[in-house]
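Asker: Chains as they are written, first to last, in the working numbering: chain P, 298 to 599; chain U, 6 to 48; chain R, 3 to 226.
Mixed in with the good hints, there may be bad ones.
Computed cross-link-like contacts, BS3-like style, restricted to lysine-lysine with a CA-CA straight-line distance of at most 30 Å [stated by the list, open to error]:
hint	chain 1	residue 1	chain 2	residue 2
1	P	K299	U	K42
2	U	K46	P	K299
3	P	K323	U	K46
4	P	K423	P	K374
Just the calculated beta-carbon pair ranges, DEER-fashion [said to hold, decoys possible]:
hint	chain 1	residue 1	chain 2	residue 2	range
5	R	Q83	P	L485	23 to 33 Å
6	U	A14	R	F66	30 to 40 Å
7	P	R429	U	I17	30 to 40 Å
8	R	F5	U	A14	53 to 63 Å
9	U	I17	P	L301	28 to 38 Å
10	R	L10	P	R429	36 to 46 Å
11	U	I17	R	R81	46 to 56 Å
12	R	S42	P	W560	49 to 59 Å
13	P	L567	R	V209	34 to 44 Å
14	P	T409	R	R81	47 to 57 Å
15	P	L509	U	T29	22 to 32 Å
Hints listed in this document are in silico derivations from the structure and should not be mistaken for laboratory results.
The structure presented is a predicted model; accordingly, all values stated were derived computationally and were not measured.
Virtual Cβ for every residue (Gly too), placed ideally from N, Cα, C.
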Amino acid sequence: MKRLFPILSVLTAIFLAYALYLALVKAPTDALQGDVYRIIYYHVPSAWTAFLLFFINFIASVQYLASAKSSRQTAAKWIVIAVGVVGVVVTFLPQVQEQLKSFGMRPSALATTVVLIPVTYFLVGKWFPGERMDVLAVTTAEVGVVFCTIVLVTGPIWARPVWGIWWAPGDIRLTSTLVLWLIYVSYLILRRFSNSAQTQMLAAALAVFGALDVPLVYFSIWFFRTQHPQPVIGGGGSMDPRMLDVLLISWMAFLCFAFLVCWSRFRLELLHREVEQAHAMESLAGAEVRAGVSLPLNRRAQ
Amino acid sequence: MNAIKFLFAAYIATWVIHGVYVGTLVRRFGRLRRELKELGKGK
Amino acid sequence: MNFWAVTLATLRKDIRLEWRSKDALNSMLFFSLLVVVIFSFSFDPLAEESRHIVGGLVWVAFLFAAVVALNQTWARELRNQVLDAYRVSPAPANALFLAKAAGNFVFVSLLEALMTPLFVIFYNLRVLGPGWQLIPITVFGTWALVVNGTFFAAMSVRTRSRELMLPLLLFPISIPAVIAMVAGTTAILTGEESAHFYIVLLLTYDVVFTTACLGLFETILHAE
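Excised from the complex, chain P in its bound form:
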């Protein structure tokens, strides 16, 4: 394990450099926008990575909430399976497909996302049992916020030369990404400002609220005209296949990088909890020696 991390880091660095070479040199120049469009090779992969991390955070939070009671755990399991099955069946109904297209979503993309819900749910439950599920939630939220910040920074830098404005208020994707970022920043603030014992439940509940909020944000801005270019995959917009290849490779590189960062953050959180436990144990032991009794209640301020 110790050897694996540096090896993977080097491989990821090479991969990222290759993606950068493809993005700057190999990818064809856009006919309309010129070279500035190459920002999307960083912007779009960061966005996908951020959404993926927030998605994992949501699943882990739901499962953490469900694991509090065994009856709820069983119910949640069946609900997740039902969501997966019903979601996939529904996206194949012709009426629903029409509706989705009017929102600018491709049914196959939605079906894939829906299938991912039960798959992720069970994988998270299998690989991250108990306390580790909460650690996973912290990790994905924090790294997700970093990637989301990059999306929000590179977006305006691209918009300025192309649209002539830094920010388009009322644009659907800009605003919902910003709100998502705000929700997760408040999630991290809650984690910082809360006492350790209850934090995990509170944070998990907040993550569920945030996930419920995002579709509503989307619809609340749906009324406005959107300036953002259609999503690259699932949008119906067409793209040069060479550009798409570079984009996907770039995404893979960023996913590897995100994985490494998440791994480090995960280990950091485990270490943090270990240190906290050691502190607690030490103060307990100290109190025992001083009071001569083994009751933690006898601990006194010195």
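On the provided structure of chain P, position chains U and R as indicated by the hints.
Answerer: Below, chains U and R alone, put in the same frame as chain P:
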């Protein structure tokens, strides 16, 4: 050709943000390791 | 005691407490009065375009004022360990939550009823669209603020720096509701477009988050 500035600005901004975040991770790791060592010495 | 008896008893107790002290109501009223006055200095309230701004202004004033009442909801129960008594009592947690949310709804509605004439006078408002639609927007919008606010107040009361935490948690989640309230109110005031979409959106928001709050409140109350 002014637009190329924006391209480089975006790429640099991306790595600056990642660098700052990884830097805070490394710092936090260091602090925790030190704390753990001090705890071990205390025994 | 059954569910609704508990709800009614708690609600009556809260309203009686507030009626005797009037702490939350007075501070909310004064706070939103200040917002009205300060904003009336910062731009010309008689201008025709103030009609476009005032929808946002009203709701921002009410949102910030509501935080005052929401913060009091659970902080009041911390004294003398009343909250702990609730937690060990066999009374259903959701009855407690509904009573608190309904109490806050009453307080914030009262605030709105008292402040709306002032906004009308200060900003010389005339409704150009169908005015009755302001009623569903107000009712659903207030409930949207209050139901999540009560829930997050129960959360923030468990953290350090309690009063600071509530707006930080509540405002991001409330953004779609605020957008719908502001845009709907502006649509009615200017009469330029229909507000139906926003009313439906608010109703959806209310249903979704009331369900979520009722589903998760017990976990939050008993989180250890």
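Asker: Which of the listed hints are not met by the structure?
Answerer: Result: hint 3 breaks, nothing else.
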